[in-house]
Structures are given as C-alpha cells and as structure tokens.
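Engineer: Below are the chains, spelled out letter by letter.
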Amino acid sequence: MSEEHQNNLAARLRSRRVTLWTLIVPPTVWAVHFMFCYLWVAVSCAKLGGFARFPVAFVIGTIVALAIIIASGAVAFVQSRTPGDPPPHDESTEIDRTRFLATATLLLAGLSVVGVLFTAAPALMLTDCR
Amino acid sequence: MSLHAQDDANLRAAQEERLRAVWKPPSGWFFRWTDVNNNRVGMWYTLTAFGFMLFAGVLALIMRAQLAVPANDLVTASTFNQLFTLHGSMMMFLFAVPMFEAVSIILLPQLLGARDLPFPRLSAFGYWSFLIGGVFVAGSIFFNVAPDGGWFMYPPFTTRTDLAGLGADIWMLGLSFIEVSSVAAAVELIVGVLKCRPPGMRLNLMPLYAWYILVVAVMILFAFPPLIAGDVLFELERLLGWPFFDPAKGGDPLLWQHLFWIFGHPEVYIVFLPSIALFAMIVPTFSQRHILGYPWIVLAAVGTAFLSFGLWVHHMFATGLPKISLAFFSAASEAVAIPTGVQIFVFIATLWAGRVVFSTPLLYCLGAIAIFVIGGLTGVMVAVAPFDWQAHDTYFIVAHLHYVLIGGTLMPLFGGLYYYWPLITGKKLSDRMGRTAFWILFVGANLTFFPMHITGLLGMPRRVFTYPAELGVDGLNLASTIGSYLFAAGVLVIVIDLALSPKRAKAPRNPWNAGTLEWLAHPDDEDWGIRSVPLIESRYPIWDQRDFVAKVDEGRFFLPDAEEGRRETIITTTLDARPAQVIRLGTPSVIPMITAVALGSVFILTTYHLYWLALGGAVATLAAVLVWLWSTAEIPEKPEKPIGHGIVLPLYRSGPAAPGWWAMFITMLADATAFSGLVFGYYFFWTVHPNFPPSGPGMDGPGAFWPMVAMALTLVSWATTVAARELNARGQVGAARALLSLGLAVTLASLFAGLAGPWFSDLAPKLHVYPAIVWTLAIWTAAHAGVGVICQAYTLARSLAGRMTSEHDADIRNITVYFHFLALTAIVTYATIGLFPSAS
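Quick note, the sequences are listed as chains A and B, same order. Counting from 1, one number per residue, gives the positions in the first sequence under my numbering. Counting from 1, one number per residue, gives the positions in the second sequence under my numbering.
Here chain B stands alone, though its shape is the one from the complex (with noise of 0.2 Å):
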C-alpha cells in the first residue's frame, strides 16, 4: 500500500465499507446498550453525570431555600443533613471525577487519532459501576435513608450504628463501588496517553489535554485507594464492630481523617486540573496562535500533582495536631500556588500574543478564571494555619471552596460544553443563549457565594439548619439564596440550549478553525473514530501541516482499513511515539454490564447485610471477569500485518511492551497504595498509644513462627512464578505448568498460614484497635493469596486450552507483576504482625 494506491477511489470506499462494517454499533433496544465504542459509552457517561449534577444542583437549592430566612422550618433538622451530604457527595463523586473521566473517554482517542481506547470493555464496565452506584447512592434520599454525615464522614458520629443509619452504609459501599470504577478509567486513560498515540506524536507534541490527563489518572491511581481502604476500616467497624475508630477501644478518629484527606485533598486536583485542560485546549484556538509556554504547563500540571499529596492535614488544622506538621502541611499549601499561578499566566500570556476571537467558549474561560482566582486567594488565606482557625467550619469556608469548584471546574466544563459540542453532535450551540447564560451564572456565582465570605466572618457555621435574626446574617443569607436561584436559572438557560440543539443544523466541519487533531472529526461522524492514523508532526497539525485532513480523510496515512474484520488501533513507544504493534480491540459485548451488575450487588447485598447473597453475587462476578478474560490476550492469526508506507507490525506483544502489561502494573500500584493506607493505620495506632502492641487476653500475638511462614511460603510461590515464566519463554512448557501447579499450591498454604497466626493466638478484632488491625493486615494479604492462586490456576488453564504458548505469553508476564507486587505486600505484612512487636 503507498501514497498512490490511495488515489483509488474504488479502493477507498471498499476499505470505508469495511471499516463501517467493523464499526457497526450494536442495535436492538436491549443490545445498543452493550457498546463499547468511546464515542457512545463517553456519551452516557457524560449524560449521566450531567443528570447527577443537576439533581445535586437541586438538592443545594432546597438548602438555599431553607436558609433564606432565619429560623425556618421548610425542611427539617435531618433532613437538611441528608441534603448537604448528598449535595457534597454526589458533585464530587458522581459529578466533578466522573465527568472528567466520561470526557476524556470521547475526546481522548480523537485527540490522539486513535481508533478507540486500548480497553473498551473496562470503560464500559466503569460506565456501568457508576450508574448503578450512583443511582443507589442518590435514590437513597428518597427513602429518606440518605446518608447525613457529610460529604467526609466523619467518624465517631457516623461509625456508630445508633446514631447514623443505613445512610454511612449506603454512602460507603455505593461510592466504594464508584471509585473502583474510577481506578478502571485511570488505567484506561494512563496506557490510552502513553501507548495509543499517533506515530511521531513524541511526548513534547502531545495536546496538553493529554498531560493534564496523564497527571490526572495517575493522581487517581494514588489518591482514591487510602479512601478505599479507609473504607474497609469503616465497614468493618460498622459491620462487625471493628474497632479502629473507637477511642474507647484504642482506635482514633483521627485515622479516618487522614486516610479520608489523603484523598480529598488531592481530588480538589483531579477535579480542577482536567477542566483547566479543557482551557489550554480553548485558549490556543480562540487566540489563533500555538500556546505559550508548552513545558511551563507541564510543570504546573506535575507540580500541582506532586504537591497535592502534602497538603491533606490542612483540612485538619482544628484537630489538634503538633504545630510544626501544621506549619508542614501549612508551607506545601501555600507551594502549591506557584504551579496554579504558573498556568494561569500562560493562558494570559497565549492570548495577550495570539489574535483573540471572542467566542462563547472563551467568555467562560475568561470568567472562570476570574471566579478561581478569588476562591484560590482566599485557599491561601485558609491555608495559614491561625487564620484558618478562625474561619475552619464557617461559612467562608463554604464560599472558598464553591469559588474553587465553580471557577476551577464547572465553569471551565461549561466552556467546554460550548466548545467540544460541535465535535460530539455536528452542531453549534447558540452563542445568544450561551452568553446570556454566561452572565446569569456569573452573577448569580458571586451573589450567592461573595456574601459567604462575610457570613462566615460573623460567625455563621456550615452544615446547620438554620439560624438565628440575632446573629445579623439574615440579608447576607438571603442575597445568597437569591443568587444560587439566579444560578440555576443560568443552568436552565443551558439545558434549553441543549435541549433546541436537536432542531439545529450541522455546523461546517472544525467550526472554531482549530489545530488539533480532534477536530478532525466530521459533522456527520462515522463510528471508526478516525479514517486514517496520521504521522504527527506538530502540535497543531489541523494548522501546519500540508493537506493533513484531506490526506487524513483519504486513508493516505496509517491503518486506513480493516482487512482482517477486526477492530484495531496503533500501539506506540512511550517516549517517542514509534509504532510499536498493532492491537485488536474488545467488541460490543454483555460482559462489562454483566460485571458491573454482579459487583455491584455485592456492595449493594452488602449494605443490607444480606452476606450470604452477597457472596453469591461475587462468585457471579469472578465468574464473569474469568469469561472476559479468556477472550482477551487472543493469539492472532498471523504474527503481523501491514499498515500501510511499508511499516509492518506485529500482532502480538508480551510484557512491558503490551497494553495489558500495563494495565496490570497499573492497578497494582493503585492496589499496593490501598494496602499502604492499611500499614499507616497500623503504625499509626502505634505512635498514639504508649504500649503498642498491647498485652492481655485476646490481644497477645500473632507471634512469628506463622507470619514467617507466611512470608517464606509466599516468596516460595512467586519464585515458582518467575521460574515458570522463564521456562515457558524457553520452550519448557511442560516444566513452566508443573512449575505452576507447584506454585499453586503453595500461594494456597501461604494464605492458611498467613491467617493461622492470629488464628492460633485467638486475636479477638471487636475487643481492641490492635487485634483488629493484625486481622485486617492478615486477611488483606490471605485475600491477595486468594487471588494469586486464581491467577495460576487461570494461567495454566491457558496454557492447557493452548492459549498461551511460549511465544504468546502475556498471560504469565501479567500475573508476574502480580506476584512482585504479592510477593512485597506479604513481606511488608508479616514483617509488621510478626516481627515488628518484639522490636517496639
């Protein structure tokens, strides 16, 4: 295939014909919902999301409603608690991180003109999670059983059954549910960035919405799972009377609020850096000029990342911790400025250099700034420790963190909404009522949350029902609720617009004339995703480089066709972009929402205390993620195939060069990260009680000997694995298997002997903090072994059913990262229960 074969147009309509043949979405009206393709999944998501924010929208005003006036009785004392905390759960949780995931999912395999994202099926596993999560979790306020602790939860209030209901459950398990979700598109979103660009799209050629989300993903990978482990503390407390937040069992509150900022703070990042990505993919077009300042945004964007882990304790300033870590936690918050400032500056700079083209989309970006920059002087304000003591659980607070949020990421996303439209549907929205909506939010914003700042200053409180005339905050109030009503009144305005846009025409191809490569996309948009995978020279090609689109729309670049009928986009090298293989893309299938399904009513079973179920409904989900498993890591019909220019690719990689590697060292990190969240638990009940471990009855062990042969057992096992990977390699397949079924069987006495130490020593978990924690530390480690042990058995099963042979060996390369990262939970784990008690 050259340049010039392309110039058949006979030819080009076949390979179009087959492409759209590959392509074709499911129909019916049950099987439409099991797509896969970015574009629809990214849709729903998005969809959802968006009906999530409105609904929250909703619940903040009846909030308003009912502080409008002193002393009213609109909503009762309770049910305002089920209302702040949803408000807040539900626009972080199932608005602000999954809207930024839903976007990413449509534009970033446009962006990076590949045919689709490595794993489709994941996404629309994490588009399923999070509806039925979500659902749960919002529903509950009809059945006035919503949680009511706020949005962080804190415990003793919310751990202790007779004072917070089935709410702190549903609150618990159904966000548990949505971050697994998140952790999914996080690795969807980490190996589509740095394996599923374009060939010649090095790394300082990538749009910068692909950085932000890079930064972002991996920001996820580690900010979610303390969540999730201070999760499993949480139920296990609530559940079975663990006690690790109990004080009066050696526990500590304090423990949930770290492992709950070790998240929250970071995910005030997440939510802010994609929409701030959404800006430098604005700013460029609308200034008509190439960004300034390419690496200083990518310094902001990793500079922001990094600091964000070193600044939870500020939300902790009131609780009495030692001043020096205050002053710590106080000097990385007011770090973290520069890299925000930094990128700020840039897009002043871009468009100060650039021709402006005042469009809708930037009239948002502009006046978000303007909104984030107060809510971000007013963070440096709150981030010295003594002023925020003033102001900590005041209504300045409140006015802070919605001038944050509403500049820093919803209106970016409105901005966004005007901007990327044209791309999703074909059609412009009106920049009439886009305007007019503008400024309706833009007062109706500083109305309800400018006056916060005084109200707070008075001395209102957050999270109270209502309050009383004396305090004098009565007009402030009002004013308040008066602009978060004009607020809404601009939401409408947008809904209306979007509402019309069906009636509209299509708009001209690249309405805005912008130069990137998502813009690529036709007004009437074929299901392929792009036509051919073009050779990136700029960051800007649409701009610089000569005929891009035509060459692009005549198949004259990479892959223009599907001879195989398969699905298939280019896999390239990290750094540089070469094409490194070409892979087969998941198809339109059940499973994903079958799984979603099946995990979901073990969260959902479980909150009910329904266990038995339960664990039926996590049979039913191994069982579905074994049948969606064995289809993947396919060998393929012939080691390689053309791609058009000479270039040929293979078919099949193993190991760190395969997608599937990836995805598997990525969810480990997120994993080991979850599991060092339950470690600091540990050592951190140690530094608050003066004997640790304690001594008595139902409290002495584990002892050594068990958790040493734990360890030794589970070293044995990995080394099995490795051994057995080399042997496969080498072409003793014979040995690799005998080898695995070895090692099978020691993972499974590793996990006996793992839990026989507490066992044996009748650790009693409900009678103190440090039992409790040895068990949980035991049973997290079993609970891997449990897993390692599938994971030989599905290797072998493989390599039986010839699935895996000693060329075609992702299958045992991927469980090998398995069990490093096995291997260092069990040494991290019996060291501590075993050996670090005689050493305190």
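Chain A with its partners taken away, still in its complex shape (with noise of 0.2 Å):
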C-alpha cells in the first residue's frame, strides 16, 4: 500500500462518528457470541442430547465475532490517533472527545477479545453434554 493511500484511508476512518454507540460494539459482539454459544448448548443438549464437535457455525460465529471487534478496534485505534494537542486529551475540544472515546473503544475491544477466546474455549475441552 502506497503512503498516500494509507493516510487516505487513515484520514476516511477518522471522519467517522464515534458515539456512545460505537464505543459499545465490541463488548456487545461478545454479549451476542456469548449468547449464541449458551442458546447453541442449552438447545442442543436439551433437544438433541449432544452437540457436533466444532460444528460450522461455532468456529464461523466465533471468527465472525473476533473479525468485528478487531475491526472496530482498529479503527478507534486508528481514530485515537487523530493529530491535535499532545495528550492526556482532557480539554474540551471535539478532537479530544473523539480521541478520548476511540482509546475506550480499542480497550474495550481488548476485553472483547479474551472474552470471547474464554467463552470459546470451553468447546474445544469439552465434547458432550454431562
């Protein structure tokens, strides 16, 4: 990738929103991975009696999920590096705001990554509904 296209997408990235509501994408990726993972279980077990090991679903869910929160990771990382004052980005400037909401966002993304690599794991330990 060429300088001049990376900053043209660097400069797209950073002229999106950033809003309450993309600060909570990543931890609500894992609600719903994690929600699906306990319905997938419960349901199977309960109807079924068992459940495939590492069925489709599951490993595509589970990437799905990782791909959306490393990508909004990486575009509040992206956009907590917006250029402006040095930091700690506690004055009252849109800049700031924005900086300061995207570098919750990428931590919250951090958490959103081992929490679904936990909630994941326990199917790759255990194949059978006791």
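Don't read these hints as lab results, they were simulated from the structure. One thing to keep in mind: the hints can contain errors.
In silico DSSO-like cross-links for lysine-lysine, where the CA-CA straight-line distance does not exceed 30 Å [as the list claims (entries may be wrong)]:
no., chain 1, residue 1, chain 2, residue 2
1, B, Lys503, B, Lys24
2, A, Lys47, B, Lys766
3, B, Lys249, A, Lys47
4, B, Lys24, B, Lys427
5, B, Lys323, A, Lys47
6, B, Lys506, B, Lys551
Chain B residues, not near chain A, derived (Cβ > 10 Å throughout) [claimed, not checked]:
no., residue
7, Val22
8, Gly264
9, Glu537
All C-beta atoms, glycine included, are put in the ideal place defined by N, C-alpha and C.
Using the supplied hints, reconstruct the complex from the two chains, each of which is provided in its own coordinate frame.
Structural biologist: Here you go:
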C-alpha cells in the first residue's frame, strides 16, 4: 500500500463518527457471541442430547465475532491517533472527545477479544452434555 | 446580558431574590413533604436507606448471637429463616440499591452543574414508593410473617402456599414495588447524565462518578425487569395456581433461578460500581492530581457492566446443567476480574503519582480496597465450577460475599459519607471518631468473616439455625460473633458522630480542596442548586479554570436568573454538551406521593388477596398518573429565552431532542426486557419438554387464526399512530385526530383478538405450564394494548384541549415510541403462541 493510500484510509476512518453506540460495539459482539454459544449448547443438549464437535456455525460465529471486534478496535486505534494537541486529551474540544471515546473503544475491544476467546475455549475441551 | 452586566451588585441581588423565591421549599407540617427538590428528596432517601441498613444489621446481630455457641436456642428455626431472608433482602433491595440512587439524586445535579435532575417529581415518586414498600417488607418480621425462603426465594418451597405463607407474597409484591421505583430512578439518572450536563462538559470531561452512574442505571434497565417477569410468574403461581415452577404440571423451578440470577448477578455490580465511583471522586482529591487513565476507568465500568450479564449461571453451578454451559459462565466469571482489577490499579497509580493527603475518607477507601481484593480473589476461586461444588452453600460463600459487599459497597459508602458530609450539611465529621470507627470496622469485618472461610471449608452449611458441637466449628463461630458485634460498635461510633454533627461549626467551603464541580456548594446552601450554569473546560474546573468559583457565584455563566418565575435547567447534547434547550422543571406537588400511595395499595392489597380493592387502587393510580401527566410538556408562553452570552435556547422541543422522549424510550427498554424474560420462559419450557406444546384437553390452542388477527390489528394501530404523528406535524390536525380515533378502536380490537385465541381454545392455565405461559404472554400483550388505548385517548384529549399542536407535538411523538415497542411485543407474542406450535 502506498503511503498516500494509507493516509487516505486513515483519514476516512477518522472522519467516521464516534459515539456512545460505537463505544459499545465490541462488548455487544461479545454478548451476542456469548448468548449464541449458551443457547446453542442449551438447546442442543436439551433437544438432541449432544452437540457436534466444532460445528461449522460455532467456528464461523467465533471468527466473525473476533473479526468485528478487531475491526472496530483497529478503527478506534486509528481514530485515537487523530492528530491534535498533545496528551492527556482532556480539553473540551471535539478532537479530544473523539480521541477519548476511540481509546475507550480500543480498550473495550481488547477486553472483548479476551472475553470471546474465553467463551470459545470450553468448546475445545468439552465434548458432551454431561 | 453580558459578562459586564453581572458587575452590577443590585442586579445580582435581584436575580438571587428571584431564584430564591422560585426554589423556595414548601412549608407546613404536611406540605414540606411534598418537596421535589433533589437535595431534600435525596436526603430523605439516604436517611431512609441508612435506617434500613441499621435495621438489617440488627437482624444479623441476632443471627450471630444465635450462632455463637453450638445447639443454641435463642431463636427458633422459623425465626432464623426470617432473619437471614430479611437481612439479605433488605441489605440488597432496601439499602444497597436505593442508597446508590439516593446518593446519586443528591450528587448528580451538583456534579453536572444542573439546578435539578430533569424529572424531580419522578424522584419524589421513587422515594415514596421506596418508603412504603420498604416499611411493608421490613415491618413483616414484627408480625412473624416475614419472608423465610432465602433472599433468592427458590421455588418450589416458596411457591407452595402450604409451605410458605404470606411472607413469600410480601417479598414478591413489596419488592416488586421497589423494583418499579428503581427503574424510575434509572430513567431519571440516565437522562440526567446524558442531557443535563453543563455546556462544554463533553463526554471526555464528565466526572467519573457520572460515568459509573450512567453505566449502573443502564444495567438496572436490563437487570431488574427479568426479576419483575419472574415475580409475575411467581405470583401467578401462588395466587392463581398457574404451575410455572411446579414439575408435576410441566413447570420447572430452574426457570425461577435463571430469571432471579439474570437479575441477581448484575445486581452485585449494580451495588459495587456506584461505590467504586465514590473512589473515583475521592482518590484524585486526596492525591491532589487528575486521575490517571480516565479511559481505563470507562473501560472498567462498561466492560464490567457487559460481562456481569454473562455470569448468572455461576450461582447455579450445582444444579446439574451441562458442564459446557457451566464452563461458558465460568469463563465469563474469570474475565470479569480483568476490568475489576484495572480500576483498582488505576486508583493505586493515581495515588502513587500524586501528593497524598492521608484523610479519613481516603483511609476508608484504602481499607475497602484491601477487604474487597480478598473477596474478589475468593470470587475467582468460586468461579471455578469444581471448587464451587465443594464450597457451594457453605459459609465459604458467606465469607466471600460479605468481603465483596463490605469492601465493595459498605466501606466506600462510609468513606463517601465522611467525604460528602460537608457538601450536604456544610459541616465536617470528626476525623478522630471517623478513624476510630474505621479501625473497629476493619478489625471487626475481618474477625467476623475471615474465620467463615474455614468454617465453610470444614463443612458448615449456610442458612442453618444451629450446628452440633461435633462439627468442631464452635471456636470459629464464636470469633465471628465477637467480630460482628465489634463491627456493630464501629457503626455505632459513626452514628454517634453523625448525631453530634448538628452541634458542630460550619466548615469552610470546599474543605478538601477538591477540583470537581460539586464542591461549588456553599456551606450555607441555597435551594437553587447552582447560581449560574458554568461553561466547563476541564475535568477539574475548580483547580484548572481561572476565577471559576467567583464567576459561578456572580452569575457570570449561563441562566443566572429566573425572570419568568419558573424552575429551569439547561438541556445539552449527548456527546458534546452543546446547549439545546431550557426546560421547566416540576415544582413541589402532592401528586407523586399520591401516585406512590395508590400504586403501593395495589401491591399491598394484592398480598392480602383483596383483589377488588386492589383494582380500585389501580384505577386510582391511573387517575393520578393522568393528572400528573396533564401538567407535563406544557406549551411555553414564548418560544425561546436567552441564557446569557448571546445564547438563545428554545423552551419546547419534541422527539429525540426532548428529555421526555428519552424517558419514554428508556422505560420501554425496561418493559421490553421484562417481556423478553417471559418469552424466555416459553422457549425454556420448550427445551425441557420432549413434546412442547403438549396436546390434550385444555392444552390444544391457541391456534394461528386469532393470534394473526391480533398481530395484524396491532400493526394497523401502530401504522395509524405513526401516520397521525406525520399528519399532525404537517398541520393536518383534523386528519391526525381522526386517525388517532381510528387507531384507538383498532388497538382495542387487538386487545380482544389477542385474548380470543386462548379463550376460544379453552386453554386451562392451572392444568399445565403450556396453557399458563400462553395465557401469560397473551395477557401481557393485551394489557399493553390497553395502555396503548389510554395513550391514544390521552393524546387525542391533549390535541382537543389545545395542549398539543402541530409545532408542540411531544405527546404524540412520545406515544409513537410506545407503539413501536407495542408492535414489537405483539409480533413476538403472536408469532410465538400462534406460529411456533406448528413449526416445532
């Protein structure tokens, strides 16, 4: 990727709005992933008495969840580096507010990645409904 | 009005006189209780919650006296059951949660430089509901009818009327009433944080306390409603015999456990985060520096809030669910340690980087962290399912939860008490007594609860009124008892310190040299909240902004006057706190109190099976609410007003720009969450039965026809409401009224069509859980249609009375929000009961 192209991409990402809704994208993805894992197992065990080892839906769902979280973290990473005055970014300016929300989103993305990996881990170890 | 106009001392005095007149509290032996100002309602709220805490603490002391020696007979087993049930229930529902709401009602407007919260009458309603419900529940022990099924009220013991008496109903209905007031407080606090910030206080400058409150209030919206749904099912079983939790008729007690703990675990964080929020205010003040890692605290608060909803099954590890389900929840339980740890490290780092002033409030914070960390670590232990199987229902758990709650809730609150007492009363508490009390509490807490880890591992179960000497735990129990009385002595020292306060001299303003906005409060407090609403440029404006205090005091910022003789505050935008509107606030009124009494009577009369009187109470509640509503969203005498510095703001907004719209939206989110709890119930029963729905007499139904008719009618009424809103906005008021009338008739028809399915198919709800859950969903949706009819009729009346016009259309915009949710509810209900049976 040329430098100019990179700059364009960064500028496009930075121009995206950062709000309280974007802040909660990563943990919401964790919550949805968690809920589907729980429902998948609860329904499979109750209705079928077992579940498939690494079912395609589970693997794809986990990868998609991680992809969305990482993407939103990456966008937040770029946005949190929007040029402006030096840290600690606690002025009453639009740019500082954006950087703050982006940083918090990035941190939440980190936590959410850990959360999703933690949730997925049992399916690697446990294979039946006992 | 310019900066210079405020140089005129006479002008300032005149402004102050007007503000004082507008904010004058009501007087008289009765009417003084009709006040709605946040500082007074907050104070009542705090004192009441503190009183309930002392009461519940005494119950614990009686329990510890009973357990001091083996085979003791101080109290009977039945009394002991009532004691521990009421102790836990009161500490949670009547102390920890209300205390957070109470403190927030006092502090939040000060922290945000607002004159008051957006809905002062709602706060007053919440308080009176809390008081009535609290006295009802707490008082039951004097009549020997207190609830005795444990604070989680597990069926089937509690749903069987031959085993659990009135106490179970008192718990369910009394606390449901308090849950309503908690949801009301959540609405108030969310709108307060998002819309009532002072100009310039963008999200990145918000005091951390406000961040935590926002997060916790949102958690309440999603945590309390599942319990309300559970309460509905529980009381339908107890009062009408609908067998939701009775396995003999297809029910399942585990459904209650799910609904209870979906509430119960987030609840732990609902009481923990507001206390830790006090740390976030206290630590920077006594480090004399900005907090380090502000975004990390926000990460911690938001992250904890989300993860806390994935923990509930860790209370159910011993119920025989598939291990892989347990593992998911175990994983989330371990993950929540990450954000919890992060905030503690942030506080430690801030102290490390600052110049620490070793004050009494800080002492409490540090002691609290030490105790909390021990509780947190045992939490990590019991989050591991195999360890939990060993420790479940033993005193190890009692030790764990008390370390968490004393370190995570109670001690920070005491720290906050010492910190904020000067803010509220203008007087400092005694440092000597505070420190003495701290050390007594610290030693007492550890002496009480540390031995319980061992008592539990040695095999002593919880909730048992006595134990044999052969168990070898008598020494440990005696130590715990001594510790508990020591702890009580510490609380007594604090109570004495508080009692001595009226005799003490006033402290100087901002005695701790803090940097945040709430310390603008003057020791000789005025009721107007803040003299002028400041422009915020820093997280610690008192430290960082030049002449900040003087400018506020001299009315050099916004809204320094009350020209029209109205209580007002500024509404700003959510992200960037740009001034958007001036709202007129509710004035003292007896209506919130009347509404609370009427609603309380519904719950209390139902407890005693006085259904006709309860129905009368419900009608009275509806009437009171309508009278209350009629005065809201009033059309102002002029479209806009200046707030100073050349800024002119509208006095009326509707739709998402208005706080009322947000209140409706937030309330409906809570409502939808409760509904999803009921829907969860339907599908839960589907998973536990090989054949669901079952067939046979009284169980075949409701068919697809009537549910589909009801769904179609609801969607038509939704469409007419949306169309009426659009036509009204375009000035076609007559057409809008016609559509509203049509919609009203259609909504009414949908109500009956919704009930027709189960009615005509003779579904017998006492027979089996399937007809019971179908009826419940149908009645829930029909009841919402009934409220929809009232909404449409109300809006029509507002339009006819000239209180709603095409420019002033808040009413119809708000009820449209209601109809969006009604349509969603109808689609889910009727698809579930009408279509799912043929699909499964």
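Engineer: Work down the list of hints and note, for each, if the structure agrees.
Structural biologist: These are the hints, each one checked on the structure:
1. B:Lys503 - B:Lys24: holds, 25 Å
2. A:Lys47 - B:Lys766: Distance of about 26 Å is within 30 Å: holds.
3. B:Lys249 - A:Lys47: Holds, because 20 Å separates the two Cα atoms, which is no more than 30 Å.
4. B:Lys24 - B:Lys427: Cα-Cα ~22 Å, so holds.
5. B:Lys323 - A:Lys47: Distance of about 16 Å is within 30 Å: holds.
6. B:Lys506 - B:Lys551: Cα-Cα ~23 Å, so holds.
7. Val22: Nearest chain A Cβ is 29 Å from Val22 (chain B), so the label holds.
8. Gly264: holds, 17 Å
9. Glu537: Non-interface label on Glu537 (chain B) violated, nearest chain A Cβ at 5 Å vs cutoff 10 Å.
The structure shown violates just one earlier hint, number 9.
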